[in-house]
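J.: The working numbering numbers the first residue of the sequence shown as 12 and each following residue consecutively.
Because the hints were derived from the structure by calculation, they are not lab data.
Any given hint might turn out to be false.
[Stated by the list, open to error] Computed list of lysine-lysine pairs in DSS-like fashion (alpha-carbon distance at most 25 Å, straight line):
1) 175 - 163
2) 42 - 213
3) 163 - 42
4) 116 - 175
5) 42 - 210
[To be verified] Pair ranges (Cβ atoms, derived):
6) 44 - 202: 42 to 50 Å
7) 20 - 182: 51 to 59 Å
8) 101 - 188: 46 to 54 Å
9) 195 - 109: 55 to 63 Å
10) 45 - 188: 37 to 45 Å
11) 156 - 188: 43 to 51 Å
12) 30 - 205: 48 to 56 Å
13) 163 - 119: 36 to 44 Å
14) 114 - 196: 52 to 60 Å
15) 92 - 178: 32 to 40 Å
Just so it is clear, CB atoms sit at the ideal spot from N, CA and C, and this is done for glycine as well.
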Amino acid sequence: MERVPSTRMGLLVTRGRRQVALQGAELLRSKREALASEFVRLTRGVIAGRAQLAARLREATRALTLARALQGEETLASLALAAVRRIPLAIEPRTVWGVPSPEVKGPQLVRAIDARGTSPVGWGLAAAEAARRHEEAAETLIAISAEELRLKRLGEEIRKASRKINALEQVLIPELEQEITRVEVALEEREREGIGRLKRFKARREGGSS
């Protein structure tokens with residue numbers, strides 16, 4: 012840190028810098044608390060979502076195994092090819108304390124049996140159930156992936172805020188306080204020296220006039 016001039020102006024400037032640093036640290040703490048609160052909320056949702064995804068994947072796997080046994084691999088492959096589609100995702104801007112945290116939303120993926128590209132008659136109950144279960148799992152996967160992305164960004168911002176707070180509270184503010192103390196001591200010594208010189212000057216004048 013650059014040495015502060017031992018002047019009253021230098022003292023005022025350094026005190027001002029310390030005040031700004033203290034306010035900055037307080038603002039960063041408030042930001043970190045808000046981000047941490049959002050992080051905890053999202054974490055709970057992600058944990059619940061992962062549990063739901065695991066359950067839906069188990070159900071989808073069981074349904075697919077049954078469909079393979081009843082309808083055969085070739086039939087399922089043909090139905091799956093006919094049911095292929097693009098899944099558009101909508102990204103909605105959102106910020107938390109200035110941190111970009113967009114929400115990703117997908118369409119409803121579970122379709123009626125007559126909306127899967129072939130005649131409902133050709134599907135069969137087992138294949139239709141397997142398709143429905145996998146569409147439910149895909150919906151959950153998209154939702155969880157979007158939340159995990161937001162969680163990652165929030166975690167990065169929390170770490171950044173913590174590093175800045177540490178830099179202010181452990182480095183900059185102590186250095187400023189040391190400089191303030193040094194300048195205050197220097198000014199006090201200068202003032203005492205000035206008072207001493209003034210007393211000696213008065214004493215010489217009084218001695219000379221007598």
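J.: Just pull the numbers of the violated hints for me, sorted ascending.
T.: 2, 4, 5, 7, 9, 10, 12, 13, 15
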